[in-house]
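Undergrad: For what it's worth, the numbering used here labels the leading residue of the sequence shown as 528, then goes sequentially.
The hints are simulated quantities; they were obtained by calculation from the structure and are not laboratory data.
For glycine and all other residues, C-beta sits at the position ideal for the given N, C-alpha and C.
Watch out, some of these pointers could steer you wrong.
[What the hints assert, rightly or not] Capping the alpha-carbon separation at 25 Å, the derived lysine to any residue pairs in SDA-like fashion look like this: (1) K602 / L550; (2) K574 / E557; (3) K602 / W568; (4) K575 / S649; (5) K574 / Q650; (6) K602 / D552; (7) K575 / S559; (8) K575 / E647; (9) K537 / H720; (10) K574 / K602; (11) K602 / D612; (12) K575 / I530; (13) K537 / G585; (14) K574 / L550; (15) K575 / D612; (16) K558 / E599; (17) K537 / E642; (18) K574 / A708; (19) K537 / D612; (20) K574 / V652; (21) K575 / E589; (22) K575 / K558.
[Unchecked claim] Estimated spans, in silico, between C-beta atoms of each pair: (23) S649 / L761: 25 to 33 Å; (24) A561 / E787: 31 to 39 Å; (25) Q659 / D556: 30 to 38 Å; (26) A551 / L588: 18 to 26 Å; (27) P711 / P760: 32 to 40 Å; (28) D556 / T786: 26 to 34 Å.
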Amino acid sequence: ERIESLDASKRFSPALFAGFSRLADAFRDEKSEAVLDALQWLCTLSKKEILDARFRFGSILEERWEDPFIAEIRKPPTDRHSDGDTELQALLETDLSVVDAVYSDALRLIEEADEDMHAEISQYVTRFKLFQGGGVAAVSSPRVFGAVFLRLPSDSTPLGPYLIEHMVHETSHLALNALMAHDPLLQNPHEIHAAPIRPDPRPLYQVLHGTFVLARNQRVLERLAQDRPEEFPLGQSFERSAEAYARGLETLEEYAVWTEAGSALFETFDPPG
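Turn these sequences into a full structure, and let the hints steer you where they fit.
TA: Here's what the structure looks like:
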């Protein structure tokens, strides 16, 4: 009854996605107690929590729905995070006013360079969660849709370009996840092939994700470099990204079997170079 009463035209909090992901996991694992636990957790969500999609900027672990997701990310190295133990530490009483101001300026720069990208950030991102640690720089997931988790960089890393790169990257993941919730895009999503970023082969749906976000980053950074060449020079990092994008396109061109919607999406990808 509560689910039926929800207006699907409204944006939902990551809390609701976290609850349904927990329930889906319990059904998949065929654990009756876990199913009941997940249902109980969903029942405790107030309507305010469900519809709380207003933008928030702050540390990780300020909201209760984050706990199981953060615990999952903190697990030992896996195929997804193989660079060592993943550390995510809350910021406690850290003053984030400077970071918040840089974030606002980064959003303004993105809007100037790419209005479509800015519109996607405004539409999809409802939480920007910061942490300290290592093993992973940024995370987003359909399991907590709308939330972007970002590690604060070292003092030597320019904060503005760092925020722009990861905002575009993670928002692009969210945008593609939203598309794939309505259409699989690929008819052979689990075939394993060379990936654009990772050294080991990956399922094609992950190749698509990697190539998609690289395309978006390339587009935004090229436009910023045209408008502000001194602030956003296209150096070796951009060249490596361009090479990775070309590899992803090559894999998709050779192996992807698209749905109609997937084919239409792929046609929007810019040629490499």
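Undergrad: Does each hint hold? Answer for all of them.
TA: Structure-based check of all given hints:
Among the hinted pairs, K602 with L550 is consistent with the structure: their alpha-carbon atoms are about 20 Å apart, no more than 25 Å. Only pairs whose Cα atoms come within 25 Å are accepted, and K574 paired with E557 is rejected, the gap being roughly 28 Å. In summary, the hint linking K602 to W568 is supported, as the alpha carbons are separated by about 22 Å, within the 25 Å threshold. The straight-line distance between the Cα atoms of K575 and S649 is roughly 20 Å, inside the 25 Å bound, and the hint therefore holds.
Pair hint K574 plus Q650 holds up; C-alpha atoms about 20 Å apart against a cutoff of 25 Å. Among the hinted pairs, K602 with D552 is consistent with the structure: their alpha-carbon atoms are about 17 Å apart, no more than 25 Å. Simply put, K575 and S559 have alpha-carbon atoms about 28 Å apart, too far for the 25 Å limit, and the pair is violated. Of the supplied pair hints, the one linking K575 and E647 holds, its CA atoms being roughly 24 Å apart against a limit of 25 Å.
Annotation: proposed proximity of K537 to H720 is violated, straight-line Cα distance about 38 Å (limit 25 Å). About 31 Å separates the Cα atoms of K574 and K602, which puts this hinted pair outside 25 Å; it is violated. Annotation: proposed proximity of K602 to D612 holds, straight-line Cα distance about 7 Å (limit 25 Å). Note on K575 and I530: the hinted pairing holds, with a Cα-Cα distance of about 14 Å set against a maximum of 25 Å.
Proposed proximity of K537 and G585 is supported: the alpha carbons are some 23 Å apart, at most 25 Å. With a C-alpha separation of about 18 Å, the suggested pairing of K574 with L550 holds against the 25 Å cut-off. At roughly 36 Å between alpha-carbon atoms, K575 and D612 are farther apart than 25 Å, so this suggested pair is violated. A C-alpha spacing of about 18 Å is found between K558 and E599, which places the hinted pair at or below 25 Å, so the restraint holds.
Using a Cα cut-off of 25 Å, the hinted pair K537 and E642 holds, with the two alpha carbons roughly 22 Å apart. At roughly 24 Å between alpha-carbon atoms, K574 and A708 fall within 25 Å of each other, so this suggested pair holds. Of the supplied pair hints, the one linking K537 and D612 is violated, its CA atoms being roughly 37 Å apart against a limit of 25 Å. A C-alpha spacing of about 20 Å is found between K574 and V652, which places the hinted pair at or below 25 Å, so the restraint holds.
Note on K575 and E589: the hinted pairing holds, with a Cα-Cα distance of about 16 Å set against a maximum of 25 Å. Under the criterion of a C-alpha separation no larger than 25 Å, the hint pairing K575 with K558 is inconsistent with the structure, at around 29 Å. Distance hint check for S649 and L761: the Cβ-Cβ separation is about 26 Å, which falls inside the suggested range of 25 to 33 Å. Under the hint 31 to 39 Å, the C-beta atoms of A561 and E787, about 38 Å apart, fit the expected range.
For the pair Q659 and D556, the beta carbons lie near 32 Å from each other, so the given range of 30 to 38 Å is met. Between A551 and L588 the beta carbons are some 23 Å apart, a value that agrees with the proposed interval 18 to 26 Å. One distance hint, 32 to 40 Å for the beta-carbon pair P711 and P760, holds here, with the actual separation near 39 Å. The hinted range of 26 to 34 Å is satisfied by D556 and T786, whose Cβ atoms lie roughly 29 Å apart.
Of the numbered hints given earlier, the model fails hints 2, 7, 9, 10, 15, 19, 22; all others are met.
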